[in-house]
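Asker: Below are the chains, spelled out letter by letter.
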Amino acid sequence: MSIWKKSLAVVLSGVLAFSLSACSSQDAAGGDASSGKVIKVAYRKFGSGNKGLENWLKSSAAEFEKAHPGVKVKLVPIQASEADFFAKMALTMKSPATAPEVVTEDTFMISSDAAAGYLEPLDRYVSGWDEWNQFFEPVQRGMKAEDGKIYGVPYSTDTRGLYYNTNIFKKAGLPVPWQPKTWEDVLAAARAIKQKVPGVTPFWANVGKATGEATTMQTFEMLLYGTKDRLYENGKWVVKSPGFLDSLKFIDQIFKSGLGPELSQVLTGQAGDIVANQMMPQEKVGIVLNGNWVPAAWKETGPAPWKEGTKVYQFAPMPTQHGEAPGHTSMSGGWALSIGAKSKEKDLGMEFIKIATNKEHQKQYSLTQGDLTPRKDVAEDPEYMNAPGTVFKQATSFLEFTHYRPGNSQYPSVSTQIQAAVEAVAIGTLTPEKAMDQFAQNVKRMVGADKTVEK
Amino acid sequence: METAKIGEAPLAGRKRTSSQTRDHLRAVLFLLPAWVLLLVFFFGPILLTFYFAFTNMSLTGEASQQLEFVGMANFSAIFSDPNFMTSIVNTLVFLVFSALIGQQALGLILALLMNNRSRTFRRMIGALVLTGWVTPEIVVAFIFFAFFSDSGTLNTLLGTVGMEPVKWLYEYPMTSVVIANIWHGTAFSMLVYQAALGGVPKEVEEAAMIDGASAWQRLWRITLPMIKGSVVTNMVLISLQTLGLFTLIFALTGGGPGVQTETLPVFMYHQAFVSFQLGYGTAISLILLLIGMIVSMVYIRLLKVKI
Chain H
35 MSIWKKSLAV
45 VLSGVLAFSL
55 SACSSQDAAG
65 GDASSGKVIK
75 VAYRKFGSGN
85 KGLENWLKSS
95 AAEFEKAHPG
105 VKVKLVPIQA
115 SEADFFAKMA
125 LTMKSPATAP
135 EVVTEDTFMI
145 SSDAAAGYLE
155 PLDRYVSGWD
165 EWNQFFEPVQ
175 RGMKAEDGKI
185 YGVPYSTDTR
195 GLYYNTNIFK
205 KAGLPVPWQP
215 KTWEDVLAAA
225 RAIKQKVPGV
235 TPFWANVGKA
245 TGEATTMQTF
255 EMLLYGTKDR
265 LYENGKWVVK
275 SPGFLDSLKF
285 IDQIFKSGLG
295 PELSQVLTGQ
305 AGDIVANQMM
315 PQEKVGIVLN
325 GNWVPAAWKE
335 TGPAPWKEGT
345 KVYQFAPMPT
355 QHGEAPGHTS
365 MSGGWALSIG
375 AKSKEKDLGM
385 EFIKIATNKE
395 HQKQYSLTQG
405 DLTPRKDVAE
415 DPEYMNAPGT
425 VFKQATSFLE
435 FTHYRPGNSQ
445 YPSVSTQIQA
455 AVEAVAIGTL
465 TPEKAMDQFA
475 QNVKRMVGAD
485 KTVEK
Chain E
83 METAKIGEAP
93 LAGRKRTSSQ
103 TRDHLRAVLF
113 LLPAWVLLLV
123 FFFGPILLTF
133 YFAFTNMSLT
143 GEASQQLEFV
153 GMANFSAIFS
163 DPNFMTSIVN
173 TLVFLVFSAL
183 IGQQALGLIL
193 ALLMNNRSRT
203 FRRMIGALVL
213 TGWVTPEIVV
223 AFIFFAFFSD
233 SGTLNTLLGT
243 VGMEPVKWLY
253 EYPMTSVVIA
263 NIWHGTAFSM
273 LVYQAALGGV
283 PKEVEEAAMI
293 DGASAWQRLW
303 RITLPMIKGS
313 VVTNMVLISL
323 QTLGLFTLIF
333 ALTGGGPGVQ
343 TETLPVFMYH
353 QAFVSFQLGY
363 GTAISLILLL
373 IGMIVSMVYI
383 RLLKVKI
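Note that the protein sequences, when read in sequence, are chains H and E.
Quick note: the first sequence uses the numbering used here, first residue 35, plus one each step.
Quick note: the second sequence uses the numbering used here, first residue 83, plus one each step.
If you're looking for bench data, these hints aren't it; they were derived computationally from the structure.
For glycine and all other residues, C-beta sits at the position ideal for the given N, C-alpha and C.
Worth double-checking, as some hints may not be accurate.
[What the hints assert, rightly or not] Partner residues aside, some chain E positions facing chain H, computed with beta carbon under 10 Å:
#  : residue
1  : THR142
2  : GLU144
3  : ALA145
4  : SER146
5  : ALA159
6  : PRO164
7  : ALA228
8  : SER231
9  : THR235
10 : LEU239
11 : GLY241
12 : GLY336
13 : HIS352
14 : PHE358
15 : GLN359
Let the hints inform the model, and build the full structure from the sequences given.
Answerer: Right under this line is the structure:
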């Protein structure tokens with residue numbers, strides 16, 4: 035009897051140990067390489083927002099598999115809110131067992147992930163690639179990390195501005211087309227809406243930590259880069275400045291005077307979906323500070339089809355604080371395809387990237403996902419420029435006065451501190467002054483006090 | 083086994099020792115797999131945690147390639163981080179209200195009420211309370227999100243009696259997570275106390291009753307002192323569990339709005355995986371470990387129980 039028990043224990047612990055080691059060896063095999071090679075393409079999947087991206091990758095994969103018989107493309111969707119995506123991606127790229135050949139990188143992560151050794155420099159690939167000079171020069175520059183090497187091939191870029199509802203504006207007695215000259219104009223319009231059009235959210239902007247980089251870029255930096263101050267200057271982080279404080283004060287004013295959205299709508303990770311798929315189609319919001327991709331949700335194939343969308347909501351440039359030259363401001367970023375430094379089939383990965391970023395696939399992507407194209411030949415294409423239900427024309431004109439984020443490897447960490455400050459001000463737990471103090475303190479800890487400056 | 087030993091007992095000393103060493107060897111052999119697993123998957127990570135807490139480890143950027151030893155820098159930064167103090171206070175509030183007052187007291191009351199009742203009654207109430215316990219944390223979070231959200235069950239109920247809807251998760255976020263955790267965890271305390279009360283001999287209580295002790299006196303003077311051991315064990319267990327609770331809060335409020343429900347584990351997650359500061363996050367986890375140890379020691383000292 036006891037011998038039985040003992041041998042059973044031995045067998046069980048053996049099985050346990052074996053199954054543990056079996057797990058890890060299976061991971062190392064990296065998917066189902068039944069025949070030939072497999073390249074993995076990892077991207078972010080969320081809510082209803084990026085079907086265009088998924089379809090683009092699928093059709094690119096189909097073309098790639100046709101051109102490379104015996105090689106399979108495995109799409110690896112990473113389900114995560116914007117705030118969690120980058121950590122998941124970093125963990126995937128850390129190990130050779132899981133590192134995907136091709137990854138979608140938000141351009142603000144390029145410097146940081148390159149410095150971490152997650153990304154492969156692409157210089158040797160793009161130097162002999164005749165299509166590389168088809169990409170706009172400022173977008174190309176954004177592909178470079180601090181070491182001067184290129185780490186991605188862009189597939190989208192963007193600008194940001196103010197969507198305003200023409201019907202609501204007329205009801206509120208506001209001019210259409212609307213051309214705000216200062217922040218005060220924006221606030222005044224929001225106040226007029228609150229007063230004259232009840233049941234409508236006057237002003238909407240991302241202010242939550244859950245919306246991650248969208249809060250930093252679409253909201254905070256759209257304000258900050260309309261002041262005289264910047265976030266990063268001469269190799270130092272500007273942790274305190276009048277412009278920083280005024281930007282937080284703007285957010286404070288919006289929420290204190292009841293001009294902003296319900297916190298339960300805007301603090302969740304789905305805030306972007308809620309405003310684009312529900313509030314805007316239902317005409318429940320007057321002004322929306324957001325990016326050029328929003329109308330993609332209203333396409334026939336999108337999550338909230340709405341033909342008149344871009345007639346009802348028009349896209350105006352964001353004014354500078356007091357109307358300082360050049361009068362308007364915008365922020366641009368975008369996404370790129372990069373190659374995982376620890377992946378196995380880098381050459382095949384690059385072949386995939388070349389197919390996915392060719393003219394035909396790029397156009398397909400821009401038209402379905404609603405992102406601006408980084409390619410000159412697509413930008414000149416009349417089918418793209420005059421695409422119905424988009425704001426490509428206005429959005430492209432914002433490129434004249436747009437700004438890019440600091441290409442510094444610490445930026446992603448600093449950005450999360452901005453999000454914390456913005457959320458704290460929006461919900462009213464911190465005054466703008468206190469929030470800036472905390473921001474300064476946290477950034478000094480992260481990057482070192484010697485790399486910061488106060489103005 | 084037992085019979086074999088008894089049979090061997092009268093044999094000569096030398097033979098016994100050799101069979102003892104053989105037994106020892108065998109025991110070691112059988113324990114070996116468990117020890118190896120513990121070393122690799124338990125002690126290894128703990129040692130690594132100690133090490134990483136003193137480095138600038140990061141999830142991305144230069145620091146993720148070049149690990150540098152930064153001494154006490156993480157800890158001195160933690161203690162000057164205003165959000166750390168907020169999260170300590172949040173953790174303690176959460177601990178006191180959801181674990182000590184909520185689960186502990188409610189569990190004891192339920193167990194007392196169910197004591198000496200009919201079997202059907204006990205089974206029905208027990209099953210109801212256990213529903214919360216068997217529901218996985220993430221599901222509990224979804225249930226309570228549906229309950230507390232703007233157009234959720236609670237607001238619909240309030241609406242039927244003509245009351246204005248309340249944004250529970252934004253206006254009373256801490257209360258909401260405390261209630262969710264009480265619902266989830268009370269069954270555990272109830273089970274522990276049921277078992278403990280079952281072990282209190284009826285004679286003692288009856289004797290007290292004959293001596294004229296009131297129900298309250300019997301509870302305070304007889305029952306509670308007799309189950310003191312279980313009280314402490316339960317306190318330690320649910321305190322440690324509550325201190326480390328992550329999923330429920332993270333899924334229900336994400337630590338927000340702002341930092342209003344950011345307890346230490348959520349704070350640690352945000353620092354390590356959202357702000358990419360792995361070293362800093364690891365240092366926070368060490369402090370969490372320390373707090374857990376201190377809290378347990380305090381209970382044991384206060385109630386003077388040997389475990």
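Asker: Please go over all the hints and tell whether each is borne out by the structure.
Answerer: How the hints compare with the structure:
With its C-beta approaching chain H no nearer than about 4 Å, E:THR142 sits inside the 10 Å limit, and its interface hint holds. Against a cut-off of 10 Å between C-beta atoms, the interface hint on E:GLU144 holds, since the closest Cβ of chain H lies about 5 Å away. Interface hint status for E:ALA145: upheld, as the beta-carbon distance to the closest one in chain H is roughly 8 Å, under 10 Å. Contact between E:SER146 and chain H, as hinted, is supported at the beta carbon level, the nearest pair being about 4 Å apart and thus within 10 Å.
Hint status for E:ALA159 relative to chain H: holds, with the closest Cβ pair at about 5 Å, below 10 Å. Hint status for E:PRO164 relative to chain H: holds, with the closest Cβ pair at about 6 Å, below 10 Å. A hinted interface residue such as E:ALA228 counts as satisfied when its beta carbon comes closer than 10 Å to some beta carbon of chain H; here the least separation is about 13 Å, so the hint is violated. Here the hint on E:SER231 is kept, as its CB sits about 7 Å from the closest CB of chain H, short of 10 Å.
Interface restraint check: E:THR235 against chain H, minimum CB-CB distance 15 Å, threshold 10 Å, status violated. Checking E:LEU239 against chain H by beta carbon gives a least distance of about 18 Å; that is not within 10 Å, so the hint is violated. Because the beta carbon of E:GLY241 sits about 16 Å from the nearest beta carbon in chain H, more than 10 Å, this interface hint is broken. Interface restraint check for E:GLY336: the shortest CB-CB distance to chain H comes to about 6 Å, inside 10 Å, so the restraint holds.
Annotation: E:HIS352 was flagged as interfacial toward chain H, and the flag holds, the nearest CB pair being 8 Å apart, inside 10 Å. At about 5 Å, the closest approach between the beta carbon of E:PHE358 and any beta carbon in chain H falls short of 10 Å, and the interface hint on this residue holds. At a threshold of 10 Å, the smallest CB-CB gap from E:GLN359 to chain H is about 7 Å, leaving the interface hint in force.
This entry does not satisfy hints 7, 9, 10 and 11, going by the numbered hints stated previously.
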